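Visitor: Put the complex together from the two separate chains, hints included.
Sequence lines, in order, name chains F and Z. Residue 246 in numbering that gives the first Met the number 0 sits at position 247 of the first sequence, and the numbers go up by one each step. Residue 367 in numbering that gives the first Met the number 0 sits at position 368 of the second sequence, and the numbers go up by one each step.
Any given hint could be a false lead.
[Claimed, not checked] Pairs of lysine to aspartate or glutamate, EDC-like flavour, derived with a Cα cap of 16 Å:
no.	chain 1	residue 1	chain 2	residue 2
1	Z	Lys149	F	Glu408
2	Z	Lys289	Z	Glu249
3	Z	Lys219	F	Glu80
4	Z	Lys131	F	Asp93
5	Z	Lys149	F	Asp87
6	Z	Lys149	F	Asp303
7	Z	Lys131	F	Glu90
8	Z	Lys149	F	Glu90
9	Z	Lys146	F	Glu84
10	Z	Lys149	F	Glu309
11	Z	Lys149	F	Glu97
12	Z	Lys149	F	Glu29
13	Z	Lys219	F	Glu72
14	Z	Lys131	F	Asp87
[To be verified] Far from chain F by the CB rule (all over 10 Å, computed), these chain Z residues:
no.	residue
15	Glu114
16	Gly143
17	His152
18	Ala153
19	Arg192
20	Pro275
21	Glu280
Calculated directly from the structure, the hints in this document are not laboratory data. Nothing here was measured: the structure is a model prediction, and the numbers come from that model. Beta carbons are placed, not taken as given, at the ideal position from N, Cα and C, and that holds for glycine.
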Amino acid sequence: MTYDERLQNVSVLGAAGKMGSGILLLTAVEMADLSLKPENKGRTYSLNAIDVSSAGLAGLMRYLKAQVMKIAEKKTVLLRELYKERKDLIENEDIINEYIFEVLNIVRPGTKIEATYDSNIIFEAIIENKDLKIKLFKQIDDNNPNKPWFFTNTSSVPIHLLDEGANLNGRVLGFHFYNPPAIQRLVELITTGNTSTEMIEFANAYAKNLKKIIVPSNDKAGFIGNGHFMRDALHGINEAENLSKDMPFVEALYMINKVSQDYLVRPMGIFQLIDYVGIDVVTFIMGVMNPHLPNEDLHNALLDNMIEMEVKGGQNSNGSQKDGFLKYERGKPVAIFNPDTKEYIYISGFQAKCDEKLGALPQSWKPWKVVNFSRGKKDAMLEAYFNELAEMDTLGAELAINYNAESNEIGALLVSSGVANSADDVNTVMLTGFYHAYGPINDYLK
Amino acid sequence: MKNLRRKVYMAAGYNTISLGTGRKEFNPKKPRPDIEHYIKEAGQGTLKQIGGAKNIDEGVIGNFMAARFNKQGHLAGFIPMIDEGLQYKPSTRVEGACASGALALTTGIKSILAETADVVLAVGVEVQNTMKAIYGADVLAGAGWFKNRKNGHAFFFPGQFSDRAKAYYEKYGMEYARSGMKQWFVNAIENARLCPTAQEYENKVGDLGALYDKMRPNGKAFVDSLNVLDCSKVSDAASGIVITSEEGLERCGIPKDQAVEVISIAQVERNITNDPPDKTELTAIKKAAKQAIENAGISINDLATAEVHDCFSIAGVLTTEALGFADPGKGAQFVADGNTARDGKIPMNTTGGLIGWGHPTGGTGVHQAVTIWEQLTGIAGDAQIEISKERPYGMTINMGGDDVTVVAIIYKRADW
Chain F
0 MTYDERLQNV SVLGAAGKMG SGILLLTAVE MADLSLKPEN KGRTYSLNAI
50 DVSSAGLAGL MRYLKAQVMK IAEKKTVLLR ELYKERKDLI ENEDIINEYI
100 FEVLNIVRPG TKIEATYDSN IIFEAIIENK DLKIKLFKQI DDNNPNKPWF
150 FTNTSSVPIH LLDEGANLNG RVLGFHFYNP PAIQRLVELI TTGNTSTEMI
200 EFANAYAKNL KKIIVPSNDK AGFIGNGHFM RDALHGINEA ENLSKDMPFV
250 EALYMINKVS QDYLVRPMGI FQLIDYVGID VVTFIMGVMN PHLPNEDLHN
300 ALLDNMIEME VKGGQNSNGS QKDGFLKYER GKPVAIFNPD TKEYIYISGF
350 QAKCDEKLGA LPQSWKPWKV VNFSRGKKDA MLEAYFNELA EMDTLGAELA
400 INYNAESNEI GALLVSSGVA NSADDVNTVM LTGFYHAYGP INDYLK
Chain Z
0 MKNLRRKVYM AAGYNTISLG TGRKEFNPKK PRPDIEHYIK EAGQGTLKQI
50 GGAKNIDEGV IGNFMAARFN KQGHLAGFIP MIDEGLQYKP STRVEGACAS
100 GALALTTGIK SILAETADVV LAVGVEVQNT MKAIYGADVL AGAGWFKNRK
150 NGHAFFFPGQ FSDRAKAYYE KYGMEYARSG MKQWFVNAIE NARLCPTAQE
200 YENKVGDLGA LYDKMRPNGK AFVDSLNVLD CSKVSDAASG IVITSEEGLE
250 RCGIPKDQAV EVISIAQVER NITNDPPDKT ELTAIKKAAK QAIENAGISI
300 NDLATAEVHD CFSIAGVLTT EALGFADPGK GAQFVADGNT ARDGKIPMNT
350 TGGLIGWGHP TGGTGVHQAV TIWEQLTGIA GDAQIEISKE RPYGMTINMG
400 GDDVTVVAII YKRADW
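Bound-form chain Z, shown alone (with noise of 0.2 Å):
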């Protein structure tokens, strides 16, 4: 599928908080919001802006894993709760672990397509810190192979994640290495610091390169390769938007300079029973970006910003070399060099990603969407990099497990 048939368009973005550590209203002992509150935050946020639920055809919820996180199953059933006026609607739940919420947008995008829908509501939330993080790494391994499980990591993922990082060391050199991935984890915090929703919005360090170059990995305490800074948060978070088409758009009245075009999507997954083909390449998401720019017909340098899936540092990294920006082995110095720092070439994660804004595991994906549309529209406040009509467009690419489940998205502002 080359072109999209048919116009589709995304508006009225919300992200709630990312509730975790870092935050302070954030305190592990006290009660917290579940996870109804963020559905219903999320989805009343959006549909706030689109004149009401009955503007909406349908409803899509992506979730990785609230069945073990807050032992909740058929989510769609909440879709109704965010307005009565959803009731007796269509309502899917998708999961794509760590991509469930950009599955839950082109879910929402093929209803467009087929012309089965106008206007859909996309809803991502994941609700994680109901569980302390080492029986939370359980729930999270399930975006693995079982079956890898038990000779896994206790921290499954940051052991995943390790072992790239100690391929990527052993063959470009460990210093080199981690000079990338401190310039990435820099990045995130001062970016996450101009969003007022961002779990590291309010974090105070001075000199974060230093905090970072003190923290040496230690196998014996976490993981051999990497060290907490290298890792996104443990979040609870939603994000909401609608999907649709050029009729839906009118239907909510919102003018073409508030929306964003779907330009072109690429889903790929590779078989989850197979390990990398190598360790320091992330070929799914190879593939898929190169699909979406290809079907978009550009090229990656008329590309604005990215909103990628640095779940880990080295993810960042290895991020920027699929998409092309570097050669194999020359991300960490792109990254050092400061090209997808908000002033650089390609502006990366410009609200923090998952590693400054936080990582809602099955929601990542719809708040990237309202990242995009953000900036795409110039309504990112503090936040907001320059855009121009020379070089539009916006990138989203989540990624489900290690390297298996990826959606590339590329959008550009609706009236441009």
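Chain F extracted, bound-state conformation (with noise of 0.2 Å):
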């Protein structure tokens, strides 16, 4: 079967999902391309979108229709030669509208999984529920004839307790995508010595047409991405706890988030990170993993309390940020919760008192919008900000130091520990993945 061929039925399984709209996204625009190709004519291309959500098939269609807008009219050069014969599409709006409904067309959205029996692939981002996985798998496969190969979007449980528990005897895979899929260029691919090369071929065409920047990772929970996040997650909290012995609570979360964001030249603070992936999913995720840790245990119990509150984070159906540790305006951090009374105190009552402890930041320091695109400087400002940084005798300083060595340990760890082929490898997925400006492993500070 051509790669062609088999992209001619697929089926998205938690479509209406976070990942899986992004997913279906992608895949969709993939498929109306390979429609529209000469040699394709005739062909029928089918996507099915499942989920178990009607509301939510219903709000990926408007996504969906808004985001192929978007892609069209980005894409109208190359849309008006590909409708070159098409005599009745003459202004680039006729061609826009023409390509959207290509695309939709192609979409069959349902929440009946009898819809994915004739599929060539089926692409998962369900929750990360190992035992529902490997049911829905079975299922699938058993009724099925087409030997069907499942595409994952877990991003913790091992491929292999998957193909072992839906007896797929190596027809799947780990394709784990980073939030959101459609801008994210990262996909981490994952394989366990019984994948097929073919499965594997056809993953590598797959993610180059859809632009994306494939990092192999082992078949270790947690994979690169999340092996790195989840301890970076725990040791943020560990400081912010330690900090809390001498401070309030509160008090002590904002320098801790601070240090991690400004101090460290990253997109967001760690707090904030939890924030957005979701408490609940990054508690879930640690759950998942750490069976398979014999010697970590990565748990905390101020996650689970924060859970038992109801207290999440994670995103509105709109994409804008739920509280979480921090409750955010505009989606702006602007108030810090306090478990002890379930209140949210605003930064700015002891934000000057804070940034005074931790003392000024190094004179070289910009934030890090500025410094992960100055394309060519970037190098160069790093490590004039991080000698100076070492040079300084502040609590920031110090904290930010210890920061960055955990995070350079956990980077060496994914090596050592056969997660990740290479430093390369985790620092690609930090950077491409996480956007972060540098990756862990690093020698600034050494």
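Guide: Shown next, in the form of structure tokens:
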């Protein structure tokens, strides 16, 4: 079966979710582009968007239309060429509207799993529940005569457990997009010794067409991305808890969030990132990873406590940030949650005091968005900044130096424990999947 | 028609700001003033200078594509909206693509010549930021022949002038041509920085030439032979001016030193269904300019300044040749040598032109007249250039489509 033939019938499970909708969008566009190739004339392309939520699927179609419109507007020059023979399509608007129709016309939304029984490929983006994934894979495989390939978006469940559990004989691999899939260029590709080469070749070709960067990760729970993020998050929480022995918890949390953002020149502080991903999702992923890590305990009571209090972060359906450790106004953190009183305390009330305790930032400091987009000058900027930081004798500098050392260590562990094949792979994941300005495995503060 | 059978004047010009990318007021995500706002502001800005609407006999409004940009036709009906005193007075809307503004002027001039009016209010307006550029390109393509649209570029007009630039590159050399186009761009921005209503007024780029050099034309991102700096702006703006007879000027109480006299006009139409006979030449502009100069009984060397239609930098370069300032192929050199800069031999587009001030398509022709009126009467503020009695003339060249509708007008201060 060729690449073009295999993509004629595809299903996405969990299509209305945050990750599923992005995967669906990218796949729908890829399938539509294939269908427009002259050699594929007469072939039907079907993409089943499966989700338990009918309301979610309605929202998905709305999202798809808006996104495909943006994509079409950006590639109108190419589309005019593709539709050259269509005499009825003259203006850009005609062409853009036709393309939107073409993409949406491939998508078949529904709540019934039976729709997947004709598919060649199943993308899975449901919740991180190993048993549920196995059950669905098994059901589909038992009823689908095509010996379908399963592409799971799991960010933590070992692939071989899914393979064995659903008895797929190597027809499953991890194809882990980063959030949001339509924008983030990273895909972690997780294969097992059992995965067929044909499937790996297809996955690479598909990623290339989607303009994604593939980083191979070995089949160890959490893979590279969450392998770093979960440990990095735990370090942040521990540091905040340590600091809170001498000060109110909200102040300690503020300081660690600031250190992990400003001092480490990252796009967001660690607590904001936890909120962004969702406290519940983070806790769940740690729970999935933990049994596979005999020498570590990826667990934190504060996270459990937050979930018990129903403070979970994550995003609203319109993409805005829900409150978690931090409270957000127009996407910006304004207050911090006090677990003892269950109240948010406004940052403005204690910010000056905390900033003074941390001490001044090095003079060469520039925010992440400046550093990260200073092409050609980025490395020199970071080097100058960290050199200056290393010489400083402030609490902020000390916390940042410790934080960076821990991040270094986590990166090294991912290589030594065989999760990542190289330090480069670890760094690429953090640079492209987490938008860090520099990789965790660095020499800046040595 | 060689000599105008009656004296015709213009005065009381008014420009709104040119709103679009570059202006700090512009935020594509926030609501913006509508077309009614611009018509009103420009119209009232002019009326205020002439003693009010009671002195107006007739209105003309030039606009290209409000029917698509704003879903609004029937623009003549907006003239009485400007002021109650215009209610039940004659009003006409004219359209000739990006030359609509100048057609509003010639229509008003003809009313004065026909003695059916002594004071005509001319307004030119376009509000284009109502849609994304990719759809705006469809609308603007209406200035070309629709039967050519299918095979045209997604950005139709940039595509047309990119082809002209390419032909010029092939004939005379790309680097040579671009040295002239670069200087045209630099002049446009530097002049716009002197005019508070200009879209590029707040442009703070240090080395404009270096920026231009960095942005090589890239067909994958835009069109083959132009970059975005070679292009005029997407603008929302309106301009107003009055066209009067001798009696009209008196009625409005405007002293002659505050008015310009229209010395000659020339209007040329080239068959829209034909491709240009030579891509490296603007033949309609050449004809119109020649005729206007002849009608005025002057030579191009008598011009103190000209407002020309630089919808693209290459059009600016080609216009210097069409006007006769440079021989074919020498226009790029002429511009690169600084001859069109504000201190050059013939200062062109002293408030930035279409690239620097902005290009509210159907309003541009009126804006050009307002700029010439300001310069010749000495009220151009920081953008003022020196005008002497020895060389007292100003000229406007307004072009619709790809050298299809062209209006050339020559002016002089009324008391000189």
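Visitor: Looking back at the hints listed earlier, which ones does the structure fail to meet?
Guide: 1, 2, 6, 10, 12, 14, 17, 18
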